[in-house]
Amino acid sequence: MSTPPTAFFQSLRESQARSADEQRLLSGRDWLLVAALVQFLTVLYPIHRYILSVTFSFHTEKTEHLPALIAGMLALVVVFVLLWWWGRYAPYRATLAALLAFLVFHAAVALFTPQAVLDSIASKILVLAGLVLAVRTGWLRHRPQ
Amino acid sequence: MTPALQTVPPDSTPDAGPVHRSGPLVTLFALMATLTALFATGLCLQYDRPALIAPALLLFGLPALWWWWCAAWQPGRSCATLPRSLRVLTGALGFDLICTCRGVAPTIFFHPDKATAGADLCLLVFLENYTSRQRLVEVRAGPHPGLGLAGVQTVRLHLAAGQAAVYRWPLRPLPSLAAGSHDLPVVLRVQRPQGMGQWLPGSRRHPYNIWHTRFAVPFTLEASDKKALGHPLPEAAYLSLASISEKEPRLDVLARLVDPA
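Just so you know, the protein sequences line up as chains A and B, in that order. FYI, in the working numbering the residues of the first sequence are 1 to 145. FYI, in the working numbering the residues of the second sequence are 1001 to 1261.
No lab work stands behind these hints, which were simulated from the structure alone. Built from N, CA and C at the ideal position, the CB exists for glycine as well. Please note that the accuracy of each hint is not assured.
[To be verified] With beta-carbon atoms standing in for the labels, derived distance ranges:
| hint | chain 1 | residue 1 | chain 2 | residue 2 | range |
| --- | --- | --- | --- | --- | --- |
| 1 | A | S123 | B | H1231 | 55 to 63 Å |
| 2 | A | Q10 | B | W1073 | 33 to 41 Å |
| 3 | B | E1248 | A | L37 | 37 to 45 Å |
| 4 | B | L1059 | A | I121 | 42 to 50 Å |
| 5 | A | L82 | B | L1045 | 42 to 50 Å |
[What the hints assert, rightly or not] Here are a few chain B residues that sit away from chain A, every Cβ distance over 10 Å (derived from the structure):
| hint | residue |
| --- | --- |
| 6 | M1001 |
| 7 | E1235 |
| 8 | Y1238 |
| 9 | L1254 |
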């Protein structure tokens, strides 16, 4: 087997490395989709609590705030998915808008239903970390070279 | 649908391994579904709702049975010894892969990635199947009017079990394309016409294993006074680089592929 010279492989690797770097920047938008998925998984537990309280008439905890909280969390999922779609055209603005939407939503939760602030805190941290990574990669793509 | 291109030379490695998904994740799903079915049944009994027991068992018990079958029964039946993956892309070629798509390692780039207007560019699609069953890879490039791709153009490529291959797609920038950095959007989707298979020993399992992935393949167009070349574009080619039925990869085809002259 005659193998091409090492210089040829080197130039091939350089071209491939440039493409891989570009792909990493592009993947900032994917963090938005991951954040939407984690947010969706987070809303399943309040839905589960609400269904239990309605179906089996559990009265051991207050659930009056749950419908509004569930609606807000589902709306946030929809917003993330829409911003993920918009991120094809403006990744930095889309990811920044998603981070702002997340912070505004949880500020409103803290204001109106303070008892729900610490619910699912681990998944909230995960979503926040995903959004920060999305903004970071969006910024790397957005900033002037 | 256009038929899938076969490599030159064709790879006749037969499929092997399980048809359906198995592994630790499926075992976890099976366990969760079983516990949920038991929990739902217990809840219905405790709160005297016997009518809900059957729907709960159907909803959670049937998926649990299916996942247990996939996780435990299938791998036990396919105990054939599989050959080792040759790992051409990450090994001999030393590429930096950022994901796998349904067990296929992809990387797409221009080589060379700098050209002048009118000179030919060569888009290279490197693929390696890390699994024991064949895959169909759909490559959708464009739109990019500056490269003569007014719409999306699709190519379907066949990959035998464990095979590594490269597809050369010649493109020519139009004289109207401005000098500077550009990206060609490429979407890559992988289908499993004969089922899942299993990861070959020695293959590189990437944690980011997805159904389809998007690439923005960069290239730089340098300013030039030269006019567009008149010769026709070279033919596209799909060549096999390695097969698990053979001992060594055929890397000598690479030089001819990039520079046919």
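A quick look at each hint next to the structure:
no. : hint                          : in the structure
1   : A:S123 to B:H1231: 55 to 63 Å : 59 Å, holds
2   : A:Q10 to B:W1073: 33 to 41 Å  : 49 Å, violated
3   : B:E1248 to A:L37: 37 to 45 Å  : 42 Å, holds
4   : B:L1059 to A:I121: 42 to 50 Å : 30 Å, violated
5   : A:L82 to B:L1045: 42 to 50 Å  : 43 Å, holds
6   : M1001                         : 26 Å, holds
7   : E1235                         : 21 Å, holds
8   : Y1238                         : 18 Å, holds
9   : L1254                         : 6 Å, violated
Against the hints set out earlier in the document, violations occur for numbers 2, 4, 9.
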